[in-house]
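K.L.:
Here are the chains, one letter per residue:
There are 2 protein chains.
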Amino acid sequence: MNRKSAVLFSVLAGASLASGMFMFSSSGDAQSTAPDGREAARYLPEYTPNGDLILPKNWRHWVFVGSPLTPNALNDGKANFPEFHNVYIEPGSFAIYEKTGKFPEGTIFFKELQLTLKGENPDGSRTEPSGRGYFPGPFNGADVTVKDSKRYPDTDGWGYYNFNHHEPKAKTASLRPKDECGSCHMASARKDDVWTQFYPMLDDIAKKFGG
Amino acid sequence: MNRKSAVLFSVLAGASLASGMFMFSSSGDAQSTAPDGREAARYLPEYTPNGDLILPKNWRHWVFVGSPLTPNALNDGKANFPEFHNVYIEPGSFAIYEKTGKFPEGTIFFKELQLTLKGENPDGSRTEPSGRGYFPGPFNGADVTVKDSKRYPDTDGWGYYNFNHHEPKAKTASLRPKDECGSCHMASARKDDVWTQFYPMLDDIAKKFGG
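Residue numbers (this note's numbering), protein chains in the order written: chain A, 13 to 223; chain B, 13 to 223.
Some hints could be false.
Any copy, or any two copies together, can satisfy a pair, since identical chains are not distinguished.
Said to hold, decoys possible - As a list, the in silico DSSO-like pairs of lysine-lysine whose alpha-carbon atoms are at most 30 Å apart: (1) Lys111 x Lys69; (2) Lys69 x Lys203; (3) Lys114 x Lys219; (4) Lys162 x Lys90; (5) Lys181 x Lys220; (6) Lys111 x Lys90; (7) Lys203 x Lys219; (8) Lys90 x Lys114; (9) Lys90 x Lys203; (10) Lys220 x Lys183; (11) Lys90 x Lys219; (12) Lys183 x Lys219; (13) Lys181 x Lys111; (14) Lys130 x Lys219; (15) Lys90 x Lys220; (16) Lys90 x Lys130; (17) Lys190 x Lys90; (18) Lys181 x Lys219; (19) Lys203 x Lys130; (20) Lys183 x Lys90; (21) Lys114 x Lys220; (22) Lys220 x Lys130; (23) Lys190 x Lys203; (24) Lys130 x Lys114; (25) Lys69 x Lys190; (26) Lys69 x Lys114; (27) Lys183 x Lys111.
Keep in mind the hints are simulated off the structure, nothing from the lab.
The task is simple: from the sequences and hints, build the whole structure.
P.N.:
Pasting the structure below:
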């Protein structure tokens, strides 16, 4: 293959500015360096004038951290989340977490729900060439968690949002009450109300910092 | 928060060049634009002098496409891959696929294997606050697939590699024989020997292009 190497700064920069999605900072805690040495850009939470959270942009290009699965068939047909939970963290926040062991203000977790393909077995699984199990199917809404200590003082500084439990995802979402999401995170999630115990991507870093 | 907006071109560019990881191209099929308008950089396969594949770099920052699960307990204790299959695609290749409906030469799929946390139930599941199911545990090696029509003519232009079925991952890997991986992909994977039927992230694009 005959490829010309030419670094397209202007394209990268123009697109970043035009999209309005990325915050580049020259100082302060919003500056961070990813493991490969790149300067990490951050996407920060965006709100409507009345304080609803706007559906985060571009999450499928974020850092995937894990995908727990609690199928309906194993939960008397009524799992709270019968789908794959594809959990992503905003990459600029992750870079800071890697460096400090703390989730910075503005951290966003995006949990995209993805149905399993319909299964013929009693446990909801199906059989494919790779074996009997659970296979990803259609997307089915999303939940989002945002860290902002000033905005969410009653839930340890985290806000919880649901952008529908079906498609299409809502464009904006209102804060969920504490007893719907926050209380369970506060009671059982290992680190700073995040379920790091199910995400080695996060837990290995927590342990490195003694958390 | 008081943040200064300053675009750090030199840092981004210097790191990209220094790492040697990214190919920027001003023309040809290696140029591509991601959905958000950014110019997509590509990481292309790297080989040792004797033709072994070098473990791809930075895959956890790639685009996650899905995580099928075929637990041992549902496969008579001997699933080929009893772990979560966390499948990623190299982002520059994905951008081209989004635009053309074809996996370009140099496409890399990275399947990171991740054990489920030990479960107390007969089906290998465990019970947590979110329900009974399967939860991600330690990483456990990786499989990698590379598209190169000239290098892999006997397997439809795809090469299959294993970087251990345990940690740490191997630094390099030799090509696996056709009957170990390629033949099953060739027989049953929906699009260009890729299991798009289990990855709506890929399948929705294939359908858009009639594939």
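K.L.:
Hints first: check each against the structure and report whether it holds.
P.N.:
Here is how each hint holds up against the structure:
no.	hint	result
1	Lys111 x Lys69	both (24 Å within a copy, 19 Å between copies)
2	Lys69 x Lys203	both (26 Å within a copy, 28 Å between copies)
3	Lys114 x Lys219	within (11 Å within a copy, 42 Å between copies)
4	Lys162 x Lys90	neither (35 Å within a copy, 51 Å between copies)
5	Lys181 x Lys220	between (36 Å within a copy, 20 Å between copies)
6	Lys111 x Lys90	neither (40 Å within a copy, 39 Å between copies)
7	Lys203 x Lys219	within (10 Å within a copy, 41 Å between copies)
8	Lys90 x Lys114	neither (34 Å within a copy, 39 Å between copies)
9	Lys90 x Lys203	within (28 Å within a copy, 35 Å between copies)
10	Lys220 x Lys183	between (37 Å within a copy, 24 Å between copies)
11	Lys90 x Lys219	neither (34 Å within a copy, 32 Å between copies)
12	Lys183 x Lys219	between (36 Å within a copy, 25 Å between copies)
13	Lys181 x Lys111	between (33 Å within a copy, 23 Å between copies)
14	Lys130 x Lys219	between (38 Å within a copy, 20 Å between copies)
15	Lys90 x Lys220	neither (37 Å within a copy, 34 Å between copies)
16	Lys90 x Lys130	both (16 Å within a copy, 23 Å between copies)
17	Lys190 x Lys90	within (22 Å within a copy, 43 Å between copies)
18	Lys181 x Lys219	between (35 Å within a copy, 21 Å between copies)
19	Lys203 x Lys130	between (35 Å within a copy, 21 Å between copies)
20	Lys183 x Lys90	within (27 Å within a copy, 44 Å between copies)
21	Lys114 x Lys220	within (11 Å within a copy, 42 Å between copies)
22	Lys220 x Lys130	between (40 Å within a copy, 23 Å between copies)
23	Lys190 x Lys203	within (18 Å within a copy, 45 Å between copies)
24	Lys130 x Lys114	between (39 Å within a copy, 28 Å between copies)
25	Lys69 x Lys190	within (25 Å within a copy, 41 Å between copies)
26	Lys69 x Lys114	both (23 Å within a copy, 25 Å between copies)
27	Lys183 x Lys111	between (32 Å within a copy, 25 Å between copies)
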